[in-house]
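Residue numbers (the working numbering): -6 to 216.
Worth double-checking, as some hints may not be accurate.
[Claimed, not checked] BS3-like mimics (lysine-lysine), calculated; alpha carbons at most 30 angstroms apart, straight line:
1) K201 with K140
2) K62 with K127
3) K(-4) with K90
4) K108 with K86
5) K109 with K79
6) K25 with K38
7) K79 with K114
8) K65 with K207
9) K65 with K5
Hints listed in this document are in silico derivations from the structure and should not be mistaken for laboratory results.
Model, not experiment: these values are computed from the prediction.
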Amino acid sequence: MLKPYLFFTLLKIAEASIELNNQASTSFLVKKLGIPQQTFSRHLKELKKLNLVETIKIARGEAVSVTVKGYKELALIQALLEKILKIQPTEIKLEGKVFSGLGEGAYYISQPEYKKQFIEKLGFNPYPGTLNVKIEECYLRKVFLLKCYPSIIIEGFSNGKRSFGSVNCYKALLENKIEGAIVSALRSHYGDDVLEIIAPVNLRETLKLKDGDKIFFIVFPTH
């Protein structure tokens, strides 16, 4: 867990970044935090070392913004606060663009040990394949938050030849009409901005999707 003083500084940097469109200068942040320049410089150095913030040159000197890793850290704190205050959301709305993957999803989804658990825990027999969705940047923080919540766990196994890891799942409703699930850790080679979706039908055919098309879906965190 991040040290309290670093968390507060990170939070204020994130707030200022939104206010000033990632153009929050170090002098502005010193005033916002109400701490000496030397203290802020020390905090900034620690946050940069942890890769939670980054600086860029601007006309007024340097601007500080939060990195992807920094927003993940903030999402963890948000999820913890929601749990303590008992205000965890019942649904998270996301949107992204469909793209073609490497075709590996079908191999993993088709494993009998996985398939049996999908049916038992998700309530449907998944079509052998995943729909790859690149999440719109404005929704990315919601993805970080989602991954902080408990998930439906599909246990890993070994078939004697190789091992298959556990899979984290979240139930979802696609385009307000098809029930499915978000799956992660299916030997994914993708970054945080990509989600893989499974459903009992071929989503590309059923929803008439092609690469570049947008898809809207609602994810239901496990409580």
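Verification of the supplied hints:
{"no.": "1", "hint": "K201 with K140", "verdict": "holds (28 angstroms)"}
{"no.": "2", "hint": "K62 with K127", "verdict": "holds (18 angstroms)"}
{"no.": "3", "hint": "K(-4) with K90", "verdict": "violated (37 angstroms)"}
{"no.": "4", "hint": "K108 with K86", "verdict": "holds (26 angstroms)"}
{"no.": "5", "hint": "K109 with K79", "verdict": "violated (33 angstroms)"}
{"no.": "6", "hint": "K25 with K38", "verdict": "holds (18 angstroms)"}
{"no.": "7", "hint": "K79 with K114", "verdict": "holds (25 angstroms)"}
{"no.": "8", "hint": "K65 with K207", "verdict": "holds (24 angstroms)"}
{"no.": "9", "hint": "K65 with K5", "verdict": "holds (15 angstroms)"}
Checked against the numbered hints above, the structure violates hints 3 and 5; every other hint is satisfied.
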